[in-house]
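J.: So the sequence lines, in the order shown, correspond to chains A, B and C.
Heads up: the first sequence at position 68 corresponds to 68 in this note's numbering, and the numbers run straight through without jumps.
With positions in the second sequence counted from 1, the corresponding number in this note's numbering is that position plus 1000.
With positions in the third sequence counted from 1, the corresponding number in this note's numbering is that position plus 2000.
The set of hints was computed from the structure by calculation and includes no laboratory data.
Take every hint as true, because none was put in to throw you off.
The calculated label-pair distances, taken between Cβ atoms and stated as ranges, are:
id	chain 1	residue 1	chain 2	residue 2	range
1	B	1020	C	2069	45 to 51 Å
2	C	2300	B	1274	46 to 52 Å
3	B	1130	A	7	54 to 60 Å
4	C	2349	B	1259	56 to 62 Å
5	C	2019	B	1270	46 to 52 Å
6	B	1278	A	258	32 to 38 Å
7	A	261	B	1164	22 to 28 Å
8	A	165	B	1254	19 to 25 Å
9	A	53	B	1270	45 to 51 Å
10	C	2015	B	1351	24 to 30 Å
11	A	262	B	1257	37 to 43 Å
12	A	261	B	1130	45 to 51 Å
13	A	7	B	1254	20 to 26 Å
Since this is a predicted model, take the numbers as computed values, not measurements.
Quick reminder that beta carbons are idealized off the backbone N, C-alpha and C, glycines included.
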Amino acid sequence: MRDQRRKDAVWRFLTYAFVITMVVVMMVPLYWMLVAATLPQEQFLQFPPRLIPGTAFLDNFAALQERLDFVRTIRNSVFIAVVYTLLSLVLCSMGGFAFAKYEFKYKEPIFYTILATLVLPIQLLVIPLFLLMAQLDWTNTFRAIILPWAANPIGIFLMRQNMKSIPDALLESARMDGATEFQIFYRIALPTMRSSLAALAIILFLFQWDLFLYPLVILESADMYTIPIGLAQLTGFQRIYYDQIMVAATLAIVPMVVLFLVLQKQFVSGILAGSLKE
Amino acid sequence: MATSDETNDRVEQTYRRRARARIQSVGRRLRRAARPGWDRVRFARQDLTAAMPALPRVAYLFIAPFFVLFGLFLAFPVFYTLYLSFFEYQGVGEGSLFWIDLGPLYVEIPQIAQLNFVGLGNYARLLGNDLFWQSMFNTSYILAVQVPLMIGLALALALALNASFMRLKGVFRTAIALPVSANLVAYSTVFLLLFNEQLGFLNYVLSGVGLGPIPWLTSEFWARNTIIAAVTWRWTGYNMIILLAGLQTIPQQLYEAAEIDGANRWEKFRYVTLPQLKPVLLFVVVLSTIGTFKLFAEPYVITGGGPTNATITIVQYIYRQAFVNFNLGYASALTVVFVVVVSIFSIIQIKLGGED
Amino acid sequence: MSGINITELDKVYDSGTENVVAVESLSVDIDHGEFLVLVGPSGCGKSTTLRCLAGLEDATAGTIRFDGEDVTEYRASERDVAMVFQNYALYPHMTVRGNIGFGLKLSTKLTGDEIEAKVEDVAEMLGIRELLDEKPKALSGGQQQRVALGRAIVREPSVFLMDEPLSNLDAKLRSEMRTELQELQADLDVTTVYVTHDQTEAMAMGDRIAVMDGGVLQQVGSPEEVYRSPVNRFVADFIGSPSINLLTADVEDGTLAGPGGFAYELDDSEPVDGHERVSVGVRPEDIEVVESGRNAADVTVVEPMGNENFLYMEIGGHELTARVSPTVRPAEGSQVAFDFDEAALYLFDVETGDALKTKTDSVDSAVVGTTQN
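Build the full structure now, drawing on both the sequences and the hints.
T.: Quick look at the structure:
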């Protein structure tokens, strides 16, 4: 009995040690980024590296703003990601609702065609989309960034899976109460899907936030840059100002952290329904 | 002690209930005041609804917006890529592919690109290209190490955080998942500096414990592993969250039953956790595999594909061909091959994972 | 006012490869203010019938009239009906107030104040006034049930449709709600169609009950009628708890010869004329355990219920159930003699199941009077 208890204690200790090590590993690059953002370039490139934050954050930020209007870059990214996420949420939840709750001709073939594109990497589409956008004269526009991925296969898949769990009786009850099909969708189905919508919002936002190759090809002028493109441009100068890059990186993390902290709970419960069935 | 706590609780609850009631009554009064206006809006909407014809094919209306964008920006490009892979690209199109001129009605479908038909020429070319094979090898290597490593870590962390004795679960979970918030290019730049040979933090720590500086970015072997480390750092927490959610759906009775049957820790994992977690695990593995296949930004920023093309990934190679050299036809052929490989991989995974 | 007329209703589901007939030429007239219970085993078409009445399913053929008006082609919201669903189908994101008022808000021209007043009245009536600002999740099963009822009542429909509304409640609450529902329905005087698979509930609640099987309406009648005079073996077997004892017996010169030496001589052999074999039915309460009994069976289990005993017996491999007085308590494993009155005997055609003879003994006329329509 005592032997077992000692074993359990060792096991607990090891588990904690493992988790805490991983937390440290995850935090070090982020901490280091923060430190680097607060040091002047000379101190930062010293060896051994400095590990205590300095006070040069605002100076570095001012220098960054002078070279590339990074506040604007963040604004562009947030604008694109927010508009994209909202638009895609509408499209995916409407489509998902139809696939989950209506019977119609060719329902299965259409759905599986959409699902098949889930496997296709988005880079596949960059070349033809670039040509298409060039033809439409949409290069260097936000709509060229937002529209193509708004019909997101992961999104419609997730919404269909989750909407299937809405009891039919709920929708029928609304139908008896005199609701139109569209009212049933937005007054009954959508409000019950809050956590799924939150999970999908994180996935969509992150997807758009991370897009690199496609905006790199489409966006041409500095005032249109998104965060990844802006950062990539900063590393492309003759002399690389790491202090400024670190300021930019630190600022760039903020919107996503906020979104993540706000929606974390729903993300956990919302994403699962989609992965568990089928 | 306990009783005074209880009293406090009760008092607090009473206050809370009263506060809520007050807010509700204010809300109700406000709503009542606004009601005549709202009623008018409501009636107008009812009339509008009544005036609209009943739509028998309402389902199609719901999927139409999605499908229009899907067709234009996803389905069309897929087919166009296939088409393009049989051509040599010469420039953005100027002429028209097709037009109808009926006086006032003039319809023109412009040519998207000027193309030269080369048949299977692009495919033949890629098979004989060393850099193509190099990029395939690099991608496969990274995939073979990174996905198992990341899923293993994510699963271990999820199990640890799911353990009944674990405290501060929420804090640990958030901390470990935080890297996913870091911007792709931003974190790649941070890693570029962390792994810097002369000035990087990592080599500083290593030299502190007496290990020589490791050529993280200049040795072919280490450069690939640096990329692996970066990707793993960012995505482990994300996958852990999904797996953790999966673990929490496993009914507790199954563990209790296993306990009664005398199962030890490993046997509980092997015979209860793994089979129950399988669908979620499969979901995570397939998405991670696809994600790593598509690796682009990390090598682009951290190693630039170097040293001597040791970390150039297939997507990076496609990017170079398409947008640096403007060999769009050839790049399309590469894309087609790439997609076929990824699809086969995913199908195999799903097939294997679906069986028992 | 003429209630509901259903004429030759058909409902066929087209699954793409084959047609599944859910309801077949069903005709029934329901009087104004009547409480009709549709009962049958699962898959018998009772819910489909109800959904056709509600307008949630389109009838494949036939007509449905409410107060003489043909509503077959009407949408659910145009039919002036309200429905209570099995799982209550309360909108989880709305308060009780929102749930009850939703239908009024969408489909009436009542002002907000009028809606508010109506919602409060109904809540008062059902005793859930203090719950108006709660979300459904915070309510008990019985309270949710009341909200679901309130949602139906507030719209003052001309027809109530109820789809197994009590099946999710525990036994005690269920019997309470049963009474309450009946009183409510009587007070409001609204024509009600009620679906259940529970024959006890059907017997207890219905003015008349309609027994369905395999998409076909078997019999409509007062509880007493379907119990005493079932039209076929299915109805006899389905109605009554514990269910009727059924044996197959050969007819030999006016005597029924069944398994395990079962023999019963008929005084009146007219019902079995021309039949070589018949199904014999005896209700458990009609079996008398008496020493002079003409047949014998082995007692397997005795279940004392307090006010009566259930005897489970075996005769030639067939189980027989008897409801006897609490004083009759034979030892398990012993053999007892039993008998029953010929007036209480049911006889059915072996092949078609059609009734050849049903109960003919007299019943207290006061009981019949209250259930007659």
